[in-house]
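J.: Listed below are the residues making up each chain.
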Amino acid sequence: MTGNVFVWLNDPLNWTGTRFQAGIIDQIGAHLWYTVIALVISGVIGFPLGLFIGHTGRATWLVSVANGLRALPTIGLLILLYVMISPLISGRGDAVYLVPTEIVLVLLALPAILANTYAGVRNVEPAVRDAARGMGMTDRQVLWQVELPNAMPLVFSGVRSAALQVIATATIAAYVGLEGLGRFVYDGLASRDFAQMAGGAVLVAALALVVDLVLALVQRYSVSRGVTGRFSRRAVHSDSREATITELEAAEELSSP
Amino acid sequence: MISATGSAPWDLFGYFADHRAEVLRLLWYHVWLSVLPVVLGLALSVPLGYLSRRYRWVYPPVVSVTGLLYTIPSLALFLLLPTLLGTRILDPVNVVIALTVYTVALLVRVVADGLAAVPEDVTAAATAMGLTRFQRLRKVELPLAVPVIAAGLRVATVANVSLVAIAGTIGIPELGQLFVTGFQLSVNGPYYPPIVLGIVLCVALALVLDALIVLGTRLSTPWRQVEAAR
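Chains W and F supply the protein sequences, listed in that same order.
Taking the numbering used here, the leading residue of the first sequence gets 1, the next gets one more, and so forth.
Taking the numbering used here, the leading residue of the second sequence gets 1001, the next gets one more, and so forth.
Please keep in mind that the hints were generated in silico from the structure rather than gathered at the bench.
Hints should not be assumed to be uniformly reliable.
Across the chosen pairs, the derived CB separations fall in these ranges [claimed, not checked]:
no. : chain 1 : residue 1 : chain 2 : residue 2 : range
1   : F       : Ser1064   : W       : Gly29     : 28 to 38 Å
2   : W       : Ile89     : F       : Arg1054   : 53 to 63 Å
3   : F       : Val1065   : W       : Gly177    : 28 to 38 Å
4   : W       : Ile89     : F       : Ala1229   : 52 to 62 Å
One side only, chain F facing chain W, incomplete, derived with CB under 7 Å [what the hints assert, rightly or not]:
no. : residue
5   : Val1065
6   : Gly1067
7   : Arg1109
Chain F regions said to be covered by chain W (calculated; three or more residues, Cβ under 8 Å) [as the list claims (entries may be wrong)]:
no. : stretch
8   : 1068-1075
9   : 1157-1169
10  : 1183-1193
No residue lacks a Cβ here, since even glycine has one placed at the ideal position from N, Cα and C.
Bound-form chain W, shown alone (with noise of 0.2 Å):
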């Protein structure tokens, strides 16, 4: 059966697509383009609430919701959100699957990003911030200059945690019907062709092992050498495992008296 699925992933054909198919180039894009989709729109609302709750320590109950998302199933809320909004989209493309998937996929991105975001605003040493406060720093400053780079690394981790998750649930979407990756999956498995569905499946995992390097590759080159070297040891290997713990521990110490 291995051989089957080189040969599949071999075929030029499959590539390509044709007429009948949209081909795994067409796919790895249409994938991609969800999850960006996605990103934007979580990344647009988590980063800057996530930056306003860490820096204020105001509305901090977000994080407690964000954090209770986690306990929902995501292919329930998939397949409910797709019977409840289908109805009410008309023709025009695949508008029809993008929506409802695109709203699963912001709610599992968007505690992610704004978790992480606000812990890593408040898990700033109070002496460093303290320090630039009394170097006469404004409010705004202290913000941009100093609680911002600091959070950087967790900022990223629950970017990565994010998009390893929405591009893993994009995947699924493929069985309302949506396109990407996934369709290869389900096609394969509904036509009992396993080279195909085993085929889909390697490229899924390769995208997402892809897109988290990529990731981890912006984010060595963009949080400052000074906090993953010398302040915080923890944030050298940070990844999106850490992500999810962080989410967890932000979600404790805000219920814990």
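Starting from the known structure of chain W, fit chain F onto it as the hints suggest.
T.: Showing chain F alone in chain W's frame:
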């Protein structure tokens, strides 16, 4: 599968009454598929985490390999394991193995970091009292790392309950099947009961398991209550 009850979200009780045996069977499978990987994962992560704490050179490869595994989306892993291990495609065993892999990936790091966070003077005191390395691990280091490990366990357990449901879309019986049923019955307008019932049961299961871990942590670390009361 279609029943006499209505199709509104609040008809989930009627749906449950009509399909009681079936729903309970799915719930039971779901419990097994979510809990077993956590138990197996914990059993594997403690020695692995200890080794990567004890021998410095073990830590980087363990963290990066498990990090890679953690990156792979669950659906892909469910379907690739049969190719790698030679199991049957729709065997629930794939789900158990895949989720064990995720649990280990998450917990290994947590255990290693939790053990590393035990204060140096505490371990030194234990050594001075004549504890062997193993006794020190069992009686001092692991108990002190329990709160940290429990945080990882809670994340892994809650995530597992959600991930197990995904396996429903490839035909493995658990609560995810309720979503599939609801989806298939929604061709002529939404049919909510099984979908809402599935979500409610998944959330309830996640909350119950989470509460059990919190309770277990509290019982196994009595000194924290004493500290908190002070």
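J.: If a hint holds in the structure, say so; if it does not, say that too.
T.: Evaluated hints:
1. F:Ser1064 to W:Gly29: 28 to 38 Å: holds, 29 Å
2. W:Ile89 to F:Arg1054: 53 to 63 Å: Because 57 Å falls inside the window, the suggested range holds.
3. F:Val1065 to W:Gly177: 28 to 38 Å: Roughly 36 Å apart at Cβ, these two residues keep to the hinted range, so it holds.
4. W:Ile89 to F:Ala1229: 52 to 62 Å: With Cβ atoms ~56 Å apart, the hint holds.
5. Val1065: Result: violated, 12 Å to nearest chain W Cβ.
6. Gly1067: holds, 5 Å
7. Arg1109: Holds: closest Cβ of chain W sits about 6 Å from arginine 1109 of chain F, inside 7 Å.
8. 1068-1075: Satisfied; 7 residues make the cut.
9. 1157-1169: holds (count 8)
10. 1183-1193: Coverage by chain W holds for the stretch 1183-1193 of chain F (6 residues, Cβ < 8 Å).
The earlier numbered hint that this structure contradicts is number 5, and it is the only one.
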